[in-house]
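Student: Chains A and B supply the protein sequences, listed in that same order.
Note that our numbering has the first sequence beginning at 1, numbered continuously upward.
Note that our numbering has the second sequence beginning at 327, numbered continuously upward.
Keep in mind that a hint or two might mislead.
To be verified - Residues on chain A that point at chain B, a partial pick, calculated with CB under 7 angstroms: (1) Val24; (2) Pro26; (3) Cys66; (4) Arg75; (5) Gln76; (6) Gly78; (7) Thr79; (8) Ala157; (9) Val166; (10) Lys225; (11) Arg226; (12) Phe298.
FYI, nobody ran anything at the bench for these hints, they're computed from the structure.
Quick reminder that beta carbons are idealized off the backbone N, C-alpha and C, glycines included.
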Amino acid sequence: MNRGPIIFLGAFSAMALSWVGLIVQPQLQLGLAPQTTNTINPVELYPQARSGLAQQGLQVYRSLGCATCHSQQVRQDGTVFDVALTSLGTNTAELVQAVQKVNPALSPAEAGKLVDMTPQNVLAGVDKTTADAAVTNLSVGGAKAAVHLVALGPDLARGWGNGRSVAADYLFDQPSQLGAQRIGPDLANVGLRLPGRTWHFHHLDDPTAVVAKSVMPPYRFLFEKRKRGPQPSPDALARDGPTPQFDVGGTRTNWTSPDALQFDALAAAPGGDEVVPTDDARALVAYLLSLRADVPLFERPLSVAPPMPTAPATTAPTAAFPLPKP
Amino acid sequence: MSVICPPAPEPNAAGLVAPAEIDRSCRWPVLLLFLLAVSWLLIASGLALVASLKFHAPRLLADSAWLTYGRLQPAAANALLYGFAVPAGLGLALWLSARMGGVPLRFPGLAFGGALVWNVGLKLGLLGILLGDSTGFEWLEMPRYAAPILFAGYALIGVSALMTFMDRRERRLYVSQWFLLVALFWFPWIFSTAHLLVSFAPLRGVMPAVVAWWYAGNLTVLWLGFIGLAAVFYLLPKLLGGPLFSRYHALFAFWVLALFGGWTGIPQSAPLPAWMPAVSTIANLFVLVAVVAVVLNVRRTLTALPAPRGRFPLSLVIFSTAAYGIANLFSAAAAIPSVAAITDFTLFTPARTQLYVYGFFGLAMFAGMYHLLPRLLGFSLPSARLIKLHAGCVVTGLTLSVAALALGGVLQGRALNHPESAFLDSLRPALMALRLSTLGDALLLVGHTALFLNLVGALVGWCRAVWPTVWAAALRPEGREVAR
């Protein structure tokens, strides 16, 4: 009996199921998806196409295989909610009682102090139901409270983003460079985290000069050495100048020349050698700076912590999108 | 039908072609495919070694774009996959279809040409990756100008294998033939779908990444897995000189893998709707059931027979099956969300890939080569010491690499999940693992050099032996063309 054709057809259709399930169906769900809207500001469509230079930079990123070591996917473990008083209303005594009712752990003195220092968190790290109930309970005498969503997870705690990466983030990327390794840090929001253009040039030219013990190889072939003209070129780097220093956001702090906002502190006199980023380097940096997936979406709800007078000032940029009151 | 199935058909019965004749018909295409496989293996391990040196000294060879890690590493992975794994698998598949069908290989010239075409595509593709034309998707890096050539080469070889299968005299199918037939057909489907949707008519946004994950899952479980299992199920009874324990265990594994194997590729961390990684989790667990059937089958076959243990290629087959089991355990573990939270984005993933591609598939292919080469050449390989050196280096290097990467990956993942420690702290175990794996890579390189030397030595010896006959035949008067 020749069962070859039957076996073949049976097995082939079994395997083709995965093609239907993992190619056709996701294409209908994701591949044909239109831009989505910002949940806070619904007239704003997301994502917006990257600039032309950044799109060229994506091709440099692909070509150099940056995705071999860098992922662009932020994970999120879950969400909790904070409840904050935003305005006191007219009846402070009743409000203090309400605060105590919402958060029984507070003594009357603490509750009073908390009300005095408004805006202030009344509850932190609770679930949505508790948060909503607290808002209702706090609405006494015209007082107002707001719920803020806090996304959790080690990636977010590292400052790699404000919320999880979602499929919409990559809609206009051709190719999308998700990566599978974290030999280097995640880059999904590197444009938010390190907005300094100069930092990136220095980092590409010599990673260890700006990140001690970095294992990233230097990309010196993205820079060219050439004779300096009467005016230094924009973005020229001084490899033998003073070691550049940057603040957390990647803005250089030890400028040595008054017009250094345009170019680095340069030792090179006219006629000397200067090191200039190539077009590839400029494009790559433009792409890196365009990596900022911080827009609140239906599948990635985001909000900001309310301004806390007692909280330490944070240097990490955060998205300023208050969540609408439930 | 008894549960104990007959051993792989030995086409000695009346009406079937003599094995020696079948071997002769396969000789040229299979030898060429094996020679290509072994040469590319050597190149792949060289590239991998240079790439891994970058973790000792990031500034090493950093001044040329084509030597940057982001290009060397994919080039090494592609050379291993499309230079070694696919040609070796195809070579074995050709021979197995002929031997188990009891017929000489059909269209050996076509298969030979196909191997050459594949090689051209591969060279072009690897050069493209090094020059920066990679598509940027893992295992699909081959640029758009190389992929169609590879496809054409595969198709030519596939036609030869398929025609041989159609013309088989031994009508009853042995389990290995099921695996072979389906794998041979599935590859063109996944390869063309993937390249079409990634390079030629690219889908939008995250979809090409989904296609790449689907492709990688399919290539792993349904091509490497099936060809490797075909080899294991053929070689094991053959080397033991007895029957396979259970045909039904094998067929059960076949159907479970065919149904669920294609769904396994989506990683848990993927920024996709939650149903997609969830489907992959379930599929991976089902695949594990099939793997248990395979491992049990192999184990029972071994215990049921008075095994000539320690007989050389057999130990490779056993090691390969063990690697299959462990690699699939790794996959299943990494598909469970709570484990994936640690292992995703770490070196655990390459450890698993290496164990699957090298440990399972590669060792099965080496066993197949050592079984086949003497039959194809007509004499055994020149150096038994080189064989020993090769097997020893490969098994040691592989164990070292995989153990270091897997353990390092878990430590790296745990450190990554502690945001209060700096990112660079997570690199410390990772770098240690990568540096240990350099040692593994070096051992592999030594082993592969031994295999290469042995094969080249055999070919040179063979040419020397054959040359006088060919020369004499060419000089015989009746061989001369007479002008009319």
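Student: Now, for every hint given, state plainly whether the structure supports it.
Tutor: Hints, verified against the model:
Interface hint at A/Val24: violated, since its Cβ lies 10 angstroms from the closest Cβ of chain B, which is beyond the 7 angstroms cut-off. For A/Pro26, the shortest C-beta to C-beta distance to chain B is roughly 5 angstroms, which falls under 7 angstroms, so the interface hint holds. Against a cut-off of 7 angstroms between C-beta atoms, the interface hint on A/Cys66 holds, since the closest Cβ of chain B lies about 6 angstroms away. With a cut of 7 angstroms, the hint placing A/Arg75 at the interface with chain B holds, because the nearest CB-to-CB distance is about 5 angstroms.
Because the beta carbon of A/Gln76 sits about 10 angstroms from the nearest beta carbon in chain B, more than 7 angstroms, this interface hint is broken. Residue-level restraint check for A/Gly78 is violated (minimum Cβ-Cβ distance to chain B is 12 angstroms; threshold 7 angstroms). Hint on A/Thr79 is violated. Least Cβ distance to chain B is approximately 15 angstroms, over the 7 angstroms limit. The beta carbon of A/Ala157 is positioned within 7 angstroms of a beta carbon in chain B (closest approach about 4 angstroms), and the interface hint is therefore held.
Hint on A/Val166 holds. Least Cβ distance to chain B is approximately 5 angstroms, under the 7 angstroms limit. Interface hint at A/Lys225: violated, since its Cβ lies 12 angstroms from the closest Cβ of chain B, which is beyond the 7 angstroms cut-off. Using the Cβ-Cβ criterion of 7 angstroms, the hint placing A/Arg226 at the interface with chain B is not satisfied: the shortest such distance is roughly 17 angstroms. Below 7 angstroms, beta-carbon pairs count as interface contacts, and A/Phe298 has none with chain B, the closest being about 12 angstroms; its hint is therefore violated.
Consistency note: the structure conflicts with the earlier hints numbered 1, 5, 6, 7, 10, 11 and 12.
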